[in-house]
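S.K.: Next come the chains, spelled out residue by residue.
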Amino acid sequence: MAGSGNQLDHQLTMAAKNKLMRDVLIEEVFRQAQRNRNILFMSADLGAQALDDFREKLPAQFVYPGICEQNMIDVAAGLAKSGKTVFTYAMASFITARCFEQLKCSLAAMQQPVTVISVGVGLGYDDAGPTHYTTEDIACMRTLSGIEIWTPSDEESTLEITRLCCERPALRYLRLERPALPAIYQGTFADNLEAGFCEISTGQDVCIVSSGYMLHRALQVQQELQKAGVDAGVVDLFRIKPLNSAALLATLNGYSKIVTLEEQVLAGGFGSAICEVLMDEDAQLPVLRLGLPDRYFFENGGRNHVLEKYGLGVPQLTERIREFVRKPVPFSDSDSLERSTVVAL
Amino acid sequence: MVAPAETDPRTSAGRASSQLDLDMSALIERSAWLRKELFRMVMRTKKGHIPSSFSCAEILIALFYGGILRYQKGRPSDPLRDRIIVSKGHAAMALYPILADLGFVPAAELENFTRKDCLLRMYADPSIPGIDSISGSLGHGLGIGAGMALAAKQDGRDQRAFVIVGDGECYEGSVWESAVFAGHQRLDNLVGIVDRNRMAIMGPTENLLQLGSLEDKFRSFGWETVSINGHSYREILDVLERIGETGGRPLAIIANTVKGKGISFMENKSEWHNRMPDAAHQEQAWRDLEINSITN
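Protein chains in written order, with the working numbering: chain A, 1 to 345; chain B, 1 to 296.
Read the hints as simulated data drawn from the structure, not as lab findings. Ideal Cβ positions, reconstructed from N, Cα and C, are used throughout, including at glycine. Please note that the accuracy of each hint is not assured.
Unchecked claim - Below 25 Å or equal to it, Euclidean Cα-Cα: the simulated BS3-like pairs (lysine-lysine) are:
#1 A:K227 to A:K104
#2 B:K116 to A:K104
#3 B:K36 to B:K269
#4 B:K153 to A:K57
#5 B:K46 to B:K217
#6 B:K46 to B:K36
Claimed, not checked - Across the chosen pairs, the derived CB separations fall in these ranges:
#7 B:Y123 to A:S245: 29 to 37 Å
#8 B:T114 to A:R55: 42 to 50 Å
#9 B:D155 to A:T143: 32 to 40 Å
Please model the entire structure based on the sequences and the hints provided.
M.R.: This is how it looks when you write it as structure tokens:
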């Protein structure tokens, strides 16, 4: 069991030579800010290597709000209302729930095109505990009207989404990983940008829908399932809002069972959003939602340890999905009134 | 104040009307006019907050009719218009008669305040022409105004942002986050006016939870601070002349006011925050409003 977890750890270690998502993003914003004086970057005291360069070379376009997320968002609203293209940047848990009312009233209700960048979603801040773990940001942020929510999974997707934010400003929430992640896309992300999701690989038996850090885990699980004779497809749903319902449904309808995988509590998050679409569109597909249990985590041992302990290690996921695939479909009869079965941890 | 160039149609139009209104008696008459308009608005649908609006009436009139705010009548979307945010949302409605008078919103809309599907709502937001920020939740306006003032400075625009903050609003920590920010950024084109009526919904602020010297607090964060009688045009205009002469500091005006100013039974009575006068009280209110309590 430990083998597969270690394998993922190994992959992530290898990925350390890749650029951090935050550096990819800031370098691109810097590049565009050099020729567009209206682009401003605000950081609530969260640094990045690339940001040092930005601050030194474009001091007038870097605005320091202090460790002060509420005021950062209000100031960003005022700047955006005056025509500025503003990027606000902080640790994930502090730029979401901490300043939620500012996001709601000053950005969403006033429809201000600000990019809200969070770093270290999920359990990204290893060993930190519930103050830093951001296990409810999707549930929280997707209730904001008119906001787009994007989760890149590698350098390429981070770069393309950043370009979108610079070139077509809108109210967007970007969920960045803290560690560098291995490459998933090979020059193919831009073609999928508008769709909001990408079927990374196709399968026959079950489709695993995920994003960001957990997408990498989904790909590992897919390999393990293959060995066990289960043919799984993997979908990267990198834009959870707005959901491209019609196209997503068309893709998911190619499968008989759906698994959603997230590093969030299950209440109102990623899996919930997908279930809403399936229910609303009357798609009779069984869904297994996999995510964190309804609790806070005070544990040492690192991200993978916590995930394994609570059922989200690669071996456990493989087993849970195998079991789900084995179970008979409850409403194979098309006249059945039963709707999708949601199985939660 | 420096006279604007005659070639600038925006400022010259603003000044032309302001020169008439600078006459103190004209401003004093505006006080009676605004209070009556607001009282009528609220009485039509029995919705709105009279005492909060009345405590900042002179501040708003001085800004709009005392030659301080730069605007062009009938042109709410003028990008060079000075920004004004009534952050104490209960009093945002006090702007409506003024916006109608300036031709920013149709005058007929005053009749429809809070009526179904109509433009003028209890709290304001930018879908109403001339309103620069959402209000209703306290503690946001100063930060948003700071963003607007910073953008103007970055773009080299001679544009100011005026934010009316309630003293009760100053309990919100985000007000002080914004105060630190504006002080450090040296936003001398930002003016924060605290409507210091010393009254929250549950009673007098200093008894409930002492705010103490707001002057000292703002000053310690790098603001120029002045304490005035917020119902005296002479004092309000005197301090507003200092905008831009504060050595780079934002200007905080602690305007000492009376909640419910102008209606005898409402003055300093927290229970009238959201209470509607009955017929006898309305009669008394109209008698009070005929006697303008503003004298200078």
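S.K.: To test your reading of the hints: which numbers does this structure violate?
M.R.: 1 and 5
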